[in-house]
Amino acid sequence: MNPGELVMRDLVDALIQENLFGFAEGRADTETGHYEVAAPGPPIRLLVRDGGALQRHRFAGGPVRHGDTELTPDALLRLLAADSPHGARVAADLRTAVEHAEVTLTARRRFTGPGGERLAATRDRPFHPTARAAVGWAAAELAEYGPMRRESLALAWVAVPADLLRFGGGPGSADLPAMLLTDHDRDRLAEALRGLDGWRALPVHPWQLEHVLPREFPANRLRPLPRAGRFHPTAALRTLGSATENGVHVKLPLGIATLGAARLLPPRYLDNGERAERTMRTLLAADPLLRHRVALCDERTWCGWHAAEGDEFADRPGQLAAQVRRYPPIEPDALALPMAALAAHEWDHLSGLIDREPVAFFTETAEIFLKVALGFLRYGVLPELHGQNVVLVLRAGSPVRLVLRDHDTLRLHPAWMAAAGVPDPGYRVKPGAPQSLRLDSPAELLGYLQTLGIQVNLYGIADALARHLGIAEGVFWRRIRTAITGALDTLELPGHLANLVKRRLLDAPHWPSRQVLGPLLREGSSTGVSMPASTGQVPNPLVRA
1 MNPGELVMRD LVDALIQENL FGFAEGRADT ETGHYEVAAP GPPIRLLVRD
51 GGALQRHRFA GGPVRHGDTE LTPDALLRLL AADSPHGARV AADLRTAVEH
101 AEVTLTARRR FTGPGGERLA ATRDRPFHPT ARAAVGWAAA ELAEYGPMRR
151 ESLALAWVAV PADLLRFGGG PGSADLPAML LTDHDRDRLA EALRGLDGWR
201 ALPVHPWQLE HVLPREFPAN RLRPLPRAGR FHPTAALRTL GSATENGVHV
251 KLPLGIATLG AARLLPPRYL DNGERAERTM RTLLAADPLL RHRVALCDER
301 TWCGWHAAEG DEFADRPGQL AAQVRRYPPI EPDALALPMA ALAAHEWDHL
351 SGLIDREPVA FFTETAEIFL KVALGFLRYG VLPELHGQNV VLVLRAGSPV
401 RLVLRDHDTL RLHPAWMAAA GVPDPGYRVK PGAPQSLRLD SPAELLGYLQ
451 TLGIQVNLYG IADALARHLG IAEGVFWRRI RTAITGALDT LELPGHLANL
501 VKRRLLDAPH WPSRQVLGPL LREGSSTGVS MPASTGQVPN PLVRA
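Residue numbers (UniProt numbering): 1 to 545.
No lab work stands behind these hints: they were computed from the structure. All residues carry an ideal CB built from backbone N, CA and C; glycine is no exception. Among these hints, one or two may not hold up.
Unchecked claim - Straight-line C-alpha distance at most 20 Å; calculated EDC-like pairs for lysine to aspartate or glutamate:
id, residue 1, residue 2
1, K430, D298
2, K502, D489
3, K502, D348
4, K502, E492
5, K430, D440
6, K502, D424
To be verified - Taking CB as the label site, the calculated pair distances span:
id, residue 1, residue 2, range
7, N2, E31, 34 to 44 Å
8, N19, V429, 41 to 51 Å
9, G470, R278, 40 to 50 Å
10, D489, E31, 21 to 31 Å
11, G41, G426, 31 to 41 Å
12, E245, L469, 43 to 53 Å
13, V429, D489, 36 to 46 Å
14, P85, Q537, 21 to 31 Å
15, A174, A82, 51 to 61 Å
16, R278, E331, 18 to 28 Å
17, T244, E25, 47 to 57 Å
18, E25, E151, 29 to 39 Å
19, E331, D507, 36 to 46 Å
20, A24, V475, 34 to 44 Å
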């Protein structure tokens, strides 16, 4: 796989789907696949293929030329977006994406059996042109701190006065070394803390300690401690898994950006995540069908900088925090894979792990996924179901359960929650700030299933299978439609939800879509932790399925 071509594919496909710079209005030769788009000077020429259900054309690979010049992804965007407010910045991110894809794919070849997190990293967020870029890191830093690192990584630790920290409600929030370290390492930290009464040890990403914390926090409030612990970076970069494979991860802020958003960890988000988890656990306890299909990571143990009055919603508290994630136990004969790994270009390896007929496997995955999504929607809530947040548990190659993680984006429609008798989680949201957690429209809530759940997650898997095995895309859309109608037949959903699903998912001529490139060009990277995005429109892929 050529890193530049992988990034170019996502860039061209986004330009066409979002119709930026007239890219959806080019002239196509249906016999040869040649495609011409007007540009300053000579036209841009490339090859396209049939775009499937969501758009007319997609990139078919090969060179993209402007006259006699072959363009890289960043050169293509600089040509098109010369007058866009943030075109140069996004072009630089595309160049970083190619460099970082090279690091990931080169390292991937050294692993005969990469785990799910490494597989997920080979594609990251499907269809996002800058997804492979960790902006703020050089290629060497990604190799050192990214998921393809071979050796375990010791965490940095700092001592912080306890009265400057805020703690989660989960066990061990005030004693993170007990949750993350061996007895030997805990003793080393305890010795280093001797004489610092009332201080607590907090884990820090080593890069963050070196490059960010010295400029953000006064030296008399942080005392460096010995490094301790053995962890492996995951595809999420700021999340690291214990090398002892005990089902414990730790999530730490990083002063870098991915997908146009800062990788910070504001304590208010951790608090909102704890509130959301409490809501989901209440639903699982009351609903045996959901409980059978879903398990939750425990993310209630956390600690972070306690913001001064009026500073709760600033960025600085998000630079120093830690969250412990504990996975629920899985059966010894089971395999757990992030759904993002299934969207990777790695089905030559995945097929050996799963050992199932691909369309049958996809069908079973879509069925359990959509039953879970609709099962939550009946209570007026929806987890953020993109592939990084959902882990698929397989037994004998078949999906049996979803494990959900990153709970801080559980979205809700208050009227439906109230009708179902579900208490409001009471999110803390910055007054007057844009937010997408509490949604006044049920159609808007369902739209997150259509975009992140189906178009990004399920279709990301379908796209990878279609490319690898040459299966027509329509086969997968038909399976998704059948999974939805099957869920409607068996779940006995409330009438208001069943009618909305039928009307919006099955019958409407158009679906909402997630636009990501246009917002980056217009608005630039987010100053917070939310990915820049807006809502567009695509043909309903299930109407003709």
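So, going through the hints one by one against the coordinates:
no.: 1; hint: K430 <-> D298; in the structure: 25 Å, violated
no.: 2; hint: K502 <-> D489; in the structure: 11 Å, holds
no.: 3; hint: K502 <-> D348; in the structure: 36 Å, violated
no.: 4; hint: K502 <-> E492; in the structure: 13 Å, holds
no.: 5; hint: K430 <-> D440; in the structure: 17 Å, holds
no.: 6; hint: K502 <-> D424; in the structure: 27 Å, violated
no.: 7; hint: N2 <-> E31: 34 to 44 Å; in the structure: 26 Å, violated
no.: 8; hint: N19 <-> V429: 41 to 51 Å; in the structure: 33 Å, violated
no.: 9; hint: G470 <-> R278: 40 to 50 Å; in the structure: 46 Å, holds
no.: 10; hint: D489 <-> E31: 21 to 31 Å; in the structure: 43 Å, violated
no.: 11; hint: G41 <-> G426: 31 to 41 Å; in the structure: 57 Å, violated
no.: 12; hint: E245 <-> L469: 43 to 53 Å; in the structure: 32 Å, violated
no.: 13; hint: V429 <-> D489: 36 to 46 Å; in the structure: 37 Å, holds
no.: 14; hint: P85 <-> Q537: 21 to 31 Å; in the structure: 24 Å, holds
no.: 15; hint: A174 <-> A82: 51 to 61 Å; in the structure: 53 Å, holds
no.: 16; hint: R278 <-> E331: 18 to 28 Å; in the structure: 27 Å, holds
no.: 17; hint: T244 <-> E25: 47 to 57 Å; in the structure: 55 Å, holds
no.: 18; hint: E25 <-> E151: 29 to 39 Å; in the structure: 51 Å, violated
no.: 19; hint: E331 <-> D507: 36 to 46 Å; in the structure: 40 Å, holds
no.: 20; hint: A24 <-> V475: 34 to 44 Å; in the structure: 25 Å, violated
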